[in-house]
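Please arrange chain B on chain A, whose structure you already have, making use of the hints.
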Amino acid sequence: MSAAITSAAVSNAVLTLRWYDLALASALVLVAMAISVWQRLGLARGFAVGAIRAVVQLVAVGYVLAFLISIQRWYLVLLALLVMLIAATLTATDRQKGRRATLFVISGTAMLVGAGLTLAYVDAVVMRLHPWYDPQYLIPLFGMIIGNAMNGAALAAERLSSEMELRRAEVESYLALGASPKRASAEAVRRALVAAMIPTVNMLMVVGLVSLPGMMTGQVIAGQSPITAVRYQIVVVFMLAGAVAVTSVVVALWYQRSFFTSAEQLVVRSIPSPRSTIAAR
Amino acid sequence: MNDVPAFCLRQVEQSRGDVRTLRAINLDIPMGEVVAIVGPSGAGKTSLIRLLNRLDDPSQGTVMYLGSPIESIHVRQLRRRVAFVFQTPVMFAGTVADNLALARDLAPPAEDARATAMPDAGEMLRLAGVDPEFASRDAQSLSGGERQRVSIARALMTSPDALLLDEPTSALDPDVADHIMATIRTLAERMHLTVVMVTHRLEEARAVSSHTVFMEAGSVIESGPTEAMFTAPNAARTRDYLVRGK
Chain A
1 MSAAITSAAV SNAVLTLRWY DLALASALVL VAMAISVWQR LGLARGFAVG
51 AIRAVVQLVA VGYVLAFLIS IQRWYLVLLA LLVMLIAATL TATDRQKGRR
101 ATLFVISGTA MLVGAGLTLA YVDAVVMRLH PWYDPQYLIP LFGMIIGNAM
151 NGAALAAERL SSEMELRRAE VESYLALGAS PKRASAEAVR RALVAAMIPT
201 VNMLMVVGLV SLPGMMTGQV IAGQSPITAV RYQIVVVFML AGAVAVTSVV
251 VALWYQRSFF TSAEQLVVRS IPSPRSTIAA R
Chain B
1001 MNDVPAFCLR QVEQSRGDVR TLRAINLDIP MGEVVAIVGP SGAGKTSLIR
1051 LLNRLDDPSQ GTVMYLGSPI ESIHVRQLRR RVAFVFQTPV MFAGTVADNL
1101 ALARDLAPPA EDARATAMPD AGEMLRLAGV DPEFASRDAQ SLSGGERQRV
1151 SIARALMTSP DALLLDEPTS ALDPDVADHI MATIRTLAER MHLTVVMVTH
1201 RLEEARAVSS HTVFMEAGSV IESGPTEAMF TAPNAARTRD YLVRGK
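The listed protein sequences derive, respectively, from chains A and B. When we follow our numbering, the leftmost residue of the first sequence carries the number 1, and every step to the right adds one. When we follow our numbering, the leftmost residue of the second sequence carries the number 1001, and every step to the right adds one.
Hints were generated in silico from the structure; no laboratory data involved. Model, not experiment: these values are computed from the prediction. Even for Gly, the Cβ is constructed at its ideal location relative to N, Cα and C. Any given hint could be a false lead.
What the hints assert, rightly or not - Facing chain B, a subset of chain A residues (Cβ under 10 Å, in silico): (1) Glu170; (2) Glu172; (3) Ser173; (4) Tyr174; (5) Leu175; (6) Ala176; (7) Leu177; (8) Ala179; (9) Arg183; (10) Thr261; (11) Ala263; (12) Glu264.
This is chain A alone, in the form it adopts within the complex:
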């Protein structure tokens, strides 16, 4: 047994993992790299870099969290949340073709609204934290909802873009009948929203059955009563549902507008009519 029992021999004893134990765990990444080489997937380097990044990022965030929890300053907590928001926004818009500047603003605002409002509600109404900025709760909770909001934003934007391209003829048929851009792109927006929210619905369906979420697992391993851990987890999954839905709808409804000029002409990939584009700017 390489892990040592460091706490007293009580019922809530927690195994503390040493760096040596983590080195042993890294053998599992080597297995993944070996499969990549064997099957010529070209992912070995990705696994190696990803594993190193994961270690560095997690260790760093561990120290940052420890520092923030010890110092308890509201402005530092908000700064940490802002850094997380910017990182999530960059990731969400990273793979989008074109319109990146527009999407950065849209996704960032959407996540701020979706994840921020959800966090504020849980902080002030559900958990009633004292102080309101308690980093022990605020940062882990925001970490979980921003990650899911980020996926929702990316899925909504990507799907809307492809739907608008796919449905170009349909959208223009609506416009030609005098429909508003909102009406003309309603089906594309609806499909983008479904695509963005389905993973969250699926998560709600299987949580506890197929998957045990990270927060709950962590709490149970850390010696918390599973019943207490479950309560936190229920709050978290409800937060995710709210944050993803709000973020996705803000992204889809706002991004939809960027596909039309001020003269209500469709602009999909092709170069827009010069005069209208200038007017739209």
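Coordinates of chain B only, in the frame set by chain A:
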């Protein structure tokens, strides 16, 4: 009033990226006539008619509708007054009747004066040559010719003054295309519509239109009464095209 052209284009230019799609277009489209726009592929025919209900805007120049700059008319009202039928019609979800009702229901509130005279779906189907019993059929199940007729009937549900048709028969069998052309001629007469139709079928243009515009490489080469253009074209390039097209 009849002296005012339905559409008037002055020094209209359009570029897409580095490509100039329209060059110095000066053109009057007379009101109440059937106008055919003919020319080889890439001549700019579709680009031109898309300007007439502002699916696109020109890079430079002026487009007037009934004497008013086209930008001065609210774009949704313009599009309901100047209907557009696409080369490949898109049927919306639901029945044929749903498609027609949707076109009628898209009327903006400001159109209430015209709304009192909103057309009857059955009548529009009949005018477009569709048996009114088709109203209950799933729009997605229609054949190409039926879709095109339904899309014409749907366009008529906005009570337009002008009807733009972008190669409405290009994907259809000749027999079906002839029927659609006969329908367009009937519509223009009964509803006093200004019809602007892009086509690459010269016989269609000659049979249906009273006025023809010949375009090539983004420019209007010649425009005038159809019979005069087909029998005694002024420009050598028109003559060449008509000879090649026969």
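Do the hints match the structure? See the list:
no., hint, in the structure
1, Glu170, "holds, 5 Å"
2, Glu172, "holds, 6 Å"
3, Ser173, "holds, 4 Å"
4, Tyr174, "holds, 8 Å"
5, Leu175, "holds, 7 Å"
6, Ala176, "holds, 4 Å"
7, Leu177, "holds, 5 Å"
8, Ala179, "holds, 5 Å"
9, Arg183, "holds, 7 Å"
10, Thr261, "holds, 8 Å"
11, Ala263, "holds, 6 Å"
12, Glu264, "holds, 5 Å"
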